[in-house]
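**Student:** Protein chains in written order, with my numbering: chain F, 15 to 457; chain L, -17 to 108; chain E, -4 to 214.
Keep in mind the hints are simulated off the structure, nothing from the lab. Ideal Cβ placement from N, Cα and C applies to all residues, glycine included. Treat each hint with caution, since some may be false.
[Unchecked claim] Listed below are the simulated DSSO-like cross-link pairs for lysine-lysine, each with C-alpha atoms no more than 27 Å apart in a straight line:
1) E:Lys207 to F:Lys59
2) F:Lys51 to F:Lys106
3) E:Lys32 to F:Lys59
4) E:Lys32 to F:Lys281
5) F:Lys104 to E:Lys33
[As the list claims (entries may be wrong)] Derived, one-sided and incomplete: chain L residues facing chain E with beta-carbon distance under 8 Å:
6) Arg22
7) Leu80
8) Met82
9) Ala83
10) His85
11) Leu86
12) Leu93
13) Cys102
14) Lys108
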Amino acid sequence: MGEAAKGETKITDQGLDGGVGRLDESRIREVINTVLKNETGARLKTYVETCIHCGLCSEACHYYLSNDKDPAFSPVGKVKRTLWEMLKRKGKVTPAFIREAAVVAHTECNLCKRCAQYCPFGIDIAYLMSVVRRIVHRLGCTPLYIQDTANSHSVHMNQMWVKGDEWPDTLQWQEEEAQAEIPALRIPLEKEGADIMYSVIAPEPKFQAQLIYQAAVIMDVAGVNWTMPASMGWDNSDMAMFTGDNELMGRLKRTHFETAARLKVKKIIMGECGHAFRSVYDTGNRWLGWRVPPFQIVHAIEFYYDLIKSGRIKIKTKYPHAVTLHDPCNVSRGAGLHDKARFVAKAVAAEFVEMEPNREHNYCCAAGGGAINCGPPYKMKRLQGNKVKAEQLFAAKTRGAGVLIAPCHNCHSGLHDILHHYGIGLDIKFLGDIIYEVMEKPA
Amino acid sequence: MKKSIGSILILCTIFLFGWVSVHSQEEMEVVDNSVFDQPRRTSSLFMHDDHNESAGIEECHVCHHVYEDGELLEDESSEDSSCSECHEIDASGDMPGLMMAYHLNCKGCHLKEKKGPVLCGECHHK
Amino acid sequence: MHTAYDMLTGPCAWTAFILFFGGCLYRLIKMLWLVWKKERFIFSYMSLRYSLRSLVHWMVPFMAVNWRRQPVLTIATFAFHLCLILTPLFVSAHIILWEEAWQFSWWMLPDGLADAMTMVVIVCAGYFFIRRLVSPEVRYVTGPSDWIILSIVAAPFISGFLAYHQWFAYRFFTMFHIFSGEVMLVAIPFTRLSHMIISPFTRAYMGSEFGKIRHARDW
C-alpha cells in the first residue's frame, strides 16, 4: 500500500466510508483490471513504462509546494500511492487502499495539468489521476458531496438540483430585475435561430443570479442576438467528468449540444466557468466522438474580448482599482485565453498588476477538478494545500493589487476561501462584475 | 684513466650503433609503429622468436603471407619486406589498411587458435 | 578466455544487437498498435508542427521553464545523455572492432575527448545516484528498478573507463565492459530505459494537445 502523506488525519466522508464498506478484494480486483484492460490503452501503459522517476514534476504541484514539499504530494508521488500500486499488485489491493486512492485522486489533485508542463517527457499525470477516479467511481467509492452533484446531474441535467420550473422562473426574475435598469431588456428564451446560446453552470441560478442579470445587461447593450434554453441542457457544468462517470458526462454534453442544435444557434457562449469549458471544449465532446466540439465554444473571456475589441461594449470610466488576474487552468492552460483575459482586464481596470507565476504557469486555485465539490469535509485540507497560492496572491497585493479577478467559478470560490483563510485582504471579482460596473449603459 | 673512460664511451657508441644496425627480428620486442602518423595506441608488444617458439610456428609465410589478385599464394613468403611495404595506411581494394592488417593477422590467428592476446590492452600496453 | 571472448563478441553481441533493434522496433509498433486499437483519437490530435515545437523546447538546455528552475540537473542530464549516446558510437576502440568485423568505419573521437566524455557520464551517473538518495521527492519514488537501471547504464562506462586506462584487472574489466554494454542494449527496449525511444512520442503528443487544442505552451 502506498504511503500516506505525512500528518494526514483521516477525514470522515460518508461517500467513501460507505462505499468502502461495500467492497471486497475480489470486486476491487475485478474492477481495477476491467478498467485498466478495457478503458485504458497506449497512454497509461506508455506513461507508466516511460516515467523515469526523476521527480521533476514535483515543483509543479501546489499541494507539494504548500505541504512543505512532502514528496507524497508530488504528482509522481500521487501516482505511486495509487496507480503504481494497483498495477504492481495487478489489482489485488485492500478496500482501505481504495479509500486512500480516492482521497488522493479527488482531494489532493485538481487535474490542473501544471505537472504536464514540468515533465520533460510530457507525461499527463492528471490523466492518470482521472483513471484512478474512474476506478473508484466504478467501485462506488466517490466522496459524498461531489457524488451528490453528479446525482443531481443525472436527475436534472444540472449540478445543483435546480428543478425544471425553477430555471425559467429564475431567468424571468432576473429579467424583471434588469428591466428596472434597462426597461426593454429581455432574456430571450427558446429563440430559435439566435446567433448565440448562452449557457451557465447551475450555481448561477441557484445562488449567484446576479451573474445572469449582468450577462443579460452586457448582451443587451452589445446588441447580441442571443437566447437561453428553457429546457434541460442549459447547464454546461459537469461534475461527472471529475467523478469519472464518463457515461453521465456523455449524457450531459449530448443534452447540451443537442439543445444548441435544437435552437439552431451558431455558437455556444458560456459564463465564467473553467471546468464547464473543459467539459464542453475538450473532454465531453471527445467522449461523444467529436474531435472538436460540434459547436464553436466561446468562453466568457473571449466573448468579452471580442465585445470590447470591436467596440460593442464601451468603457465609461475605468474601474478605479489595481487588479491582478488569476489564470484558471482550464481556460489558460486549457485554451490559451490568458492574453485575451489580460486585454480585457487592462481595458476595464485603471491598473493591472501581474501575478507571478502567470499564464500557463499560474498556480492552481486548489478548488477545481472537483476538489471544492468534495465539500466541507475537505475544506481545510484544500486551504492548507494551497499556501503557495496565498503567498502568490499576497505578493501581488504587496505590488499594489487591490482586486483579484478570477474568471472561473471554481477558482473564484476557492480563492475566496483562500483570501479569507489567510487574511490576504484582496477583493475578488469576475470579469463580468467589473465590465457590468464600468461599461456604458443606455441612460 | 681519461683514456679508459674515452675508450669505454667509444665502445658504447660502437655497440649502440652496432645494436641498431644489426637489430633484427631476433631481438624484436615491439611492432614498429613509426609508419603511423600519430598512433593512438602504444606499439604492440611482440617478441618475434619467443612468440614463434611458443606458438610452434616454423614457417615464415604463416604470418608473412603473399596475396596476388586477392588469392593467397601457398608457401610464398614475404618475410624480407616489412608489412607497410604492401599494406598502406588506408585500405585499398581487398587489401586491408596497415592497422587492420596487424589486427586481422595477429588477433585473427589468436582467436582461431584460441591462444594469445585478443583484448586491446593485451598488446597495446599503457 | 578465448571462448568467452568469442561468445561475448559473437553470439552475445549479435543477440544484443538483434534484441536492441528488434526490441525498439517491437516497442514502437506495439505502442502504435495499442493507440490504433484503443486510443485512435490520438492520431487525430497529432500535429507535426506542435510536436516539433515541444520537442525543440525540451531538447535545448534551459529552453523549458523547468530546465531553468533546475540548472545543475539540466546541465547534468544534458551532458549525461549527450555523452552517453555519442561516446559508444564514436569511440575509436568500438569503430576498430566494427571495422575488423564488418569492414566499415566512420569518424572517431580523439581518445582524450572520448575519455573525458566517459568521465562525464560516470560523474553524472554519480550525481543521479546521489540525487536519488538525498532528494526527498526523488527518494520517495525510487524503487529497486531505479537503482538497477542506473547501474545498467553506468556499468559499461565505468568498466570501459577502467579498461581504457588498463587499471586494476584489465582483462576482467574489458570483458565485463563488453558484457555490460550488451546488457544495456538489451535493457533499453525492455525496461524504463525505453524512454530513449518512447519519450519523443509522449512529448510530441503532449506538444500537439497543447499546441492544437489548448493553445498554450507545454514547457
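**Student:** Work down the list of hints and note, for each, if the structure agrees.
**Tutor:** Each hint, compared with the structure:
no.: 1; hint: E:Lys207 to F:Lys59; in the structure: holds (24 Å)
no.: 2; hint: F:Lys51 to F:Lys106; in the structure: holds (15 Å)
no.: 3; hint: E:Lys32 to F:Lys59; in the structure: holds (13 Å)
no.: 4; hint: E:Lys32 to F:Lys281; in the structure: violated (33 Å)
no.: 5; hint: F:Lys104 to E:Lys33; in the structure: holds (20 Å)
no.: 6; hint: Arg22; in the structure: holds (6 Å)
no.: 7; hint: Leu80; in the structure: violated (13 Å)
no.: 8; hint: Met82; in the structure: holds (6 Å)
no.: 9; hint: Ala83; in the structure: violated (11 Å)
no.: 10; hint: His85; in the structure: holds (6 Å)
no.: 11; hint: Leu86; in the structure: holds (7 Å)
no.: 12; hint: Leu93; in the structure: holds (6 Å)
no.: 13; hint: Cys102; in the structure: holds (6 Å)
no.: 14; hint: Lys108; in the structure: holds (4 Å)
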